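Chains as they are written, first to last, in my numbering: chain A, 1 to 748; chain B, 1 to 81; chain C, 1 to 158.
If you're looking for bench data, these hints aren't it; they were derived computationally from the structure. Relax, there's no trap hidden among the hints.
Between beta-carbon pairs, the in silico distance windows are:
#, chain 1, residue 1, chain 2, residue 2, range
1, A, K741, C, A14, 54 to 62 angstroms
2, A, P69, C, P21, 17 to 25 angstroms
3, C, D16, A, I580, 54 to 62 angstroms
4, C, L63, A, T99, 37 to 45 angstroms
5, B, D54, C, G45, 52 to 60 angstroms
6, A, G41, C, D16, 17 to 25 angstroms
7, B, P68, A, I396, 31 to 39 angstroms
8, A, M163, B, K67, 39 to 47 angstroms
Keep in mind it's a predicted model, so treat the numbers as computed, not measured. For every residue, glycine included, the Cβ atom is placed at its ideal position computed from N, Cα and C.
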Amino acid sequence: MALDSHGKREFKQIGTRVARPDGIDKVTGRALYGADMSAPGMLVGRILRSPHAHARILRIDTSEAEAIPGVKAVVTGADFSIPDDAALADISVNVMARTKALYDGHAVAAVAATSAQAAKAALKAIKVEYEVLPHVTDVDAAMAPDAPVVQKGRSLESVPAGMGANVTHHCEFGHGDLEAGFARADKIVERSFKTAATHQGYIEPHACLATMNGDGRADLWCCTQGQYMVRTVCAGVLGIEASQLRVTASEIGGGFGGKTTVFIEPVALMLAKKSGKPVKIVMTRDEVFKATGPTVSTSIDVKIGMTKAGRITAGAATLRYSGGAFPNTTVDMGAQAAFAAYDLDAVRTVGWNILTNRPKESAYRAPGAPQAIYAVESVVDELCLALNLDPLDVRILNAARKGTKSSYGPTFDDIGLLATLEAAKAHPHYNTPLKPGQSRGVSCGFWFNFGGNTCVSLNINTDGTVGVTEGNPDIGGSRASISLMAAEELGVPYDKVRTIIADTASLGYNDVTDGSRVTFAVGLATIKAARDAIKKMCGRVAKIWGIDEDAVEWRDGAAHPAGPNAGKFPPMTLEEIAAISFETGGPIAGHYEVNADGAGVSFGVHLCDLEVDKETGQTTILRYTVFQDAGKAVHPDYVEGQMQGGAVQGIGWALNEEYIYGADGRLLNAGFLDYRIPVASDLPKIDTQILEIPNPGHPYGVRGVGETGIVPPLAAVSNAVSRAIDVRMHELPMSPPRVLKAIKAARG
Amino acid sequence: MVKVLLWGSLRTHTDGQAEVEVEARTFKEVLDRLAEAYPGLRPQIERGVSMAIDGRIYREAWFTEIKPDSEVVVMPYMTGG
Amino acid sequence: MSAITVSTTVNGDAVDFICQPDESLLDALRGRLGLTGAKEGCGTGDCGACSVTVNGRLVCSCLMLAAEAEGAEIGTVEGIAKGNALHPLQQSFLDHAGLQCGVCTPGILVAAKALLDRNPDPTDEEVRYWLAGNLCRCTGYDKIIRAVQSAAAQMRSA
Numbered sequence: 001m002a003l004d005s006h007g008k009r010e011f012k013q014i015g016t017r018v019a020r021p022d023g024i025d026k027v028t029g030r031a032l033y034g035a036d037m038s039a040p041g042m043l044v045g046r047i048l049r050s051p052h053a054h055a056r057i058l059r060i061d062t063s064e065a066e067a068i069p070g071v072k073a074v075v076t077g078a079d080f081s082i083p084d085d086a087a088l089a090d091i092s093v094n095v096m097a098r099t100k101a102l103y104d105g106h107a108v109a110a111v112a113a114t115s116a117q118a119a120k121a122a123l124k125a126i127k128v129e130y131e132v133l134p135h136v137t138d139v140d141a142a143m144a145p146d147a148p149v150v151q152k153g154r155s156l157e158s159v160p161a162g163m164g165a166n167v168t169h170h171c172e173f174g175h176g177d178l179e180a181g182f183a184r185a186d187k188i189v190e191r192s193f194k195t196a197a198t199h200q201g202y203i204e205p206h207a208c209l210a211t212m213n214g215d216g217r218a219d220l221w222c223c224t225q226g227q228y229m230v231r232t233v234c235a236g237v238l239g240i241e242a243s244q245l246r247v248t249a250s251e252i253g254g255g256f257g258g259k260t261t262v263f264i265e266p267v268a269l270m271l272a273k274k275s276g277k278p279v280k281i282v283m284t285r286d287e288v289f290k291a292t293g294p295t296v297s298t299s300i301d302v303k304i305g306m307t308k309a310g311r312i313t314a315g316a317a318t319l320r321y322s323g324g325a326f327p328n329t330t331v332d333m334g335a336q337a338a339f340a341a342y343d344l345d346a347v348r349t350v351g352w353n354i355l356t357n358r359p360k361e362s363a364y365r366a367p368g369a370p371q372a373i374y375a376v377e378s379v380v381d382e383l384c385l386a387l388n389l390d391p392l393d394v395r396i397l398n399a400a401r402k403g404t405k406s407s408y409g410p411t412f413d414d415i416g417l418l419a420t421l422e423a424a425k426a427h428p429h430y431n432t433p434l435k436p437g438q439s440r441g442v443s444c445g446f447w448f449n450f451g452g453n454t455c456v457s458l459n460i461n462t463d464g465t466v467g468v469t470e471g472n473p474d475i476g477g478s479r480a481s482i483s484l485m486a487a488e489e490l491g492v493p494y495d496k497v498r499t500i501i502a503d504t505a506s507l508g509y510n511d512v513t514d515g516s517r518v519t520f521a522v523g524l525a526t527i528k529a530a531r532d533a534i535k536k537m538c539g540r541v542a543k544i545w546g547i548d549e550d551a552v553e554w555r556d557g558a559a560h561p562a563g564p565n566a567g568k569f570p571p572m573t574l575e576e577i578a579a580i581s582f583e584t585g586g587p588i589a590g591h592y593e594v595n596a597d598g599a600g601v602s603f604g605v606h607l608c609d610l611e612v613d614k615e616t617g618q619t620t621i622l623r624y625t626v627f628q629d630a631g632k633a634v635h636p637d638y639v640e641g642q643m644q645g646g647a648v649q650g651i652g653w654a655l656n657e658e659y660i661y662g663a664d665g666r667l668l669n670a671g672f673l674d675y676r677i678p679v680a681s682d683l684p685k686i687d688t689q690i691l692e693i694p695n696p697g698h699p700y701g702v703r704g705v706g707e708t709g710i711v712p713p714l715a716a717v718s719n720a721v722s723r724a725i726d727v728r729m730h731e732l733p734m735s736p737p738r739v740l741k742a743i744k745a746a747r748g
Numbered sequence: 001m002v003k004v005l006l007w008g009s010l011r012t013h014t015d016g017q018a019e020v021e022v023e024a025r026t027f028k029e030v031l032d033r034l035a036e037a038y039p040g041l042r043p044q045i046e047r048g049v050s051m052a053i054d055g056r057i058y059r060e061a062w063f064t065e066i067k068p069d070s071e072v073v074v075m076p077y078m079t080g081g
Numbered sequence: 001m002s003a004i005t006v007s008t009t010v011n012g013d014a015v016d017f018i019c020q021p022d023e024s025l026l027d028a029l030r031g032r033l034g035l036t037g038a039k040e041g042c043g044t045g046d047c048g049a050c051s052v053t054v055n056g057r058l059v060c061s062c063l064m065l066a067a068e069a070e071g072a073e074i075g076t077v078e079g080i081a082k083g084n085a086l087h088p089l090q091q092s093f094l095d096h097a098g099l100q101c102g103v104c105t106p107g108i109l110v111a112a113k114a115l116l117d118r119n120p121d122p123t124d125e126e127v128r129y130w131l132a133g134n135l136c137r138c139t140g141y142d143k144i145i146r147a148v149q150s151a152a153a154q155m156r157s158a
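Based on the provided sequences and hints, a complete structural model is requested.
Set out below in structure tokens:
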């Protein structure tokens with residue numbers, strides 16, 4: 001569906017900063033999150049986890065645990081079958097290990113008991129006999145031919161012969177003649193980078209409450225980014241039919257991609273099945289760090305050639321990603337995104353995925369892109385310094401634009417990068433002189449965005465109010481945006497619309513809340529469902545007036561005769577039509593289902609001013625501004641919120657956050673004290689400038705905004721730090737010891 | 001016939017060709033013809049691919065129409081967070 | 001271990017509950033009293049999502065034993081509004097989009113109220129340092145700081 005053709009639409013409600021419908025519940029403590037639900041007679045579920053990075057499980061003896069008073073069920077890998085589907089099989093093995101523990105924290109058994117105390121005692125009483133195996137946690141070490149093998153036989157057909165057993169995927173993108181491109185360069189910089197695995201760091205640990213009756217009917221309450229995904233995966237892992245399992249998404253306390261899969265839900269269902277009682281599992285923070293989440297850890301080589309005038313002549317990158325102990329193809333996304341911001345004649349990216357003894361990667365906001373773009377933007381910055389060029393001018397000169405053949409293949413349509421770069425150049429931030437000791441970093445960012453499967457029902461209530469039923473957990477204010485779009489299209493006030501998130505039994509399938517898709521795709525489906533309802537209301541009015549349906553049009557919340565030939569009738573409002581709906585044919589509802597395309601790619605530019613304490617290596621961010629194209633900002637508060645939140649997650653990634661493994665392959669910092677996410681006192685204000693370059697793929701021009709914001713900070717901060725200390729940094733995070741080391745190394 | 005651009009690592013299954021031609025009028029026909037003509041592509045197609053048609057990226061969209069002069073680029077299946 | 005009976009005041013009302021000797025105040029509030037507004041984000045006092053006041057002092061309820069609450073006055077997020085009348089901080093968080101997912105919000109509201117009770121006119125820096133023990137992963141804190149300052153200004157002029 002294309003952007004509505006009637007030119008620039010004058011919105012009455014879109015773009016206003018209305019109150020969110022779930023707001024009062026969330027400021028009064030009433031909102032129910034994953035861990036907040038209880039059921040009569042429910043048991044406490046707990047999971048036993050491997051203390052070894054890599055070990056064969058020789059024997060599990062649960063007899064002592066089962067004998068503890070209050071223990072009602074114990075499960076191990078032996079209770080689960082392995083699904084045929086490879087992706088489901090990996091999830092199944094990840095939620096409960098079978099023959100091997102593949103990382104520190106891998107689940108090996110679980111218990112359900114009448115009290116937390118009994119559950120804890122039962123975990124201690126389970127005896128697991130391990131044969132500890134050699135392990136590998138570093139991506140480069142894991143790629144070596146003689147590295148310990150994490151899983152055998154997992155390489156896809158994409159991997160050329162002769163690679164080590166841990167190499168599971170290979171990809172390559174690009175076009176043009178690299179050699180000729182580099183030959184035209186006046187300056188070539190080639191560098192290698194490493195980025196640590198980071199965690200999404202949502203404040204709400206995974207939690208669920210499961211019941212399963214003797215007849216096989218099951219109910220699951222959980223915090224998730226997608227209740228339908230949970231249903232599909234749990235039904236597949238447990239071998240039950242989708243209709244037997246109803247999943248209700250709780251309010252969700254953050255996800256950022258980390259709640260797009262399951263960890264505890266199949267285990268809770270299995271415990272509920274075995275015990276015949278409801279079972280609640282709530283992860284501890286330690287478990288969240290050890291067994292959920294993290295991003296890929298990476299090792300990346302980048303080579304870029306540039307003319308004296310700042311034109312990039314060629315760009316190449318090799319990306320080595322590890323998403324832990326299970327195969328994944330996230331490197332595809334990084335390899336496609338790496339050079340997406342640039343209009344290049346010659347570009348090539350090569351990607352590898354490598355298994356390590358780390359937890360299974362989960363998506364994290366623009367998965368795979370921040371690392372690749374960090375490496376590219378770092379080299380671009382180094383070239384700008386070497387050639388004495390303005391970093392924004394160079395990006396403007398090379399910016400991808402309409403008609404550019406993108407680095408991943410397709411030709412770009414309308415994209416907002418140039419406008420975003422120019423906005424940054426014109427902004428007071430960029431034009432404020434730096435004080436001594438301060439430095440400024442610049443970076444572009446990119447994400448694909450997508451649409452996906454979406455289903456919306458819209459009910460016209462008999463009192464003239466409206467109910468919207470959608471199926472995507474509201475992770476940051478989306479119910480307000482969806483209500484706004486329904487209100488705008490129907491022409492009724494925002495407060496007449498109530499949007500709810502359906503459980504899996506109440507609405508057709510919806511893809512997970514990810515890919516920055518909700519405001520775009522659910523919004524699109526809501527607008528179309530509203531149009532469906534409008535068509536029905538116009539049909540009713542046509543019958544009342546005795547004229548053709550085509551002769552009735554909808555405007556400002558009412559049916560009107562379409563023109564002078566239609567006859568003279570006073571308009572009928574939605575409220576009036578709703579009030580007599582029983583008499584005119586029954587309830588009125590609109591519906592729409594779609595696999596939405598046309599999400600439109602997204603670009604952002606970040607500016608970062610900072611200073612570095614050269615005695616301690618501590619970096620202080622002084623000023624930060626985010627520029628991003630939102631297509632059309634439906635609720636500007638929450639668009640700004642996405643831009644600010646993404647930026648700060650990226651700042652954390654750049655400066656502090658990392659998975660630190662000991663020589664024994666165990667995670668050393670599985671808690672918020674040692675895995676340090678940014679706190680309020682670390683940060684300045686995060687200024688934002690929303691650009692609105694309408695997305696032709698959405699009726700209101702909406703473009704997803706959720707993910708792009710995390711991409712630019714890595715290089716924006718790194719470029720600023722590198723300029724501040726006059727040493728090019730090429731490893732993240734730039735924690736104080738690492739910065740200090742770089743300063744000392746440069747001093748010799 | 002439509003020209004279909006493949007990403008680099010798929011070229012090992014198309015005798016090194018970056019661009020191949022298939023007789024297809026829809027998203028699904030492109031994939032079916034590719035899998036028939038180049039069986040080495042089948043595992044990747046079965047795992048899932050996206051397709052950019054005239055710059056717009058589609059994930060699953062069997063009936064999306066493709067014109068003879070459309071720009072068709074096969075891409076990995078898009079995922080997000 | 002035998003259970004302990006505890007008599008307290010929660011949000012102004014006298015409350016008795018039974019708890020285990022090793023049970024945290026957070027678990028007792030959530031599990032025994034059904035006050036699930038305070039959240040457990042870490043269980044180690046690092047995230048502040050479980051913030052409550054005990055005799056007027058801001059504490060992480062995950063770090064305090066329930067049994068220690070004997071005779072104490074406890075304040076939780078559920079007690080901040082008076083009936084349906086929101087506290088200016090609550091209204092300000094809604095007006096300034098000071099929450100996205102909202103799971104850190106109960107702790108941040110309790111902590112911010114404790115700050116404004118002591119210091120009605122804090123600088124931005126004072127707000128940022130006071131709230132440094134309350135993690136938020138969604139907002140980047142910008143709108144939280146604005147919301148607190150706006151509420152503070154409104155409360156001063158009231």
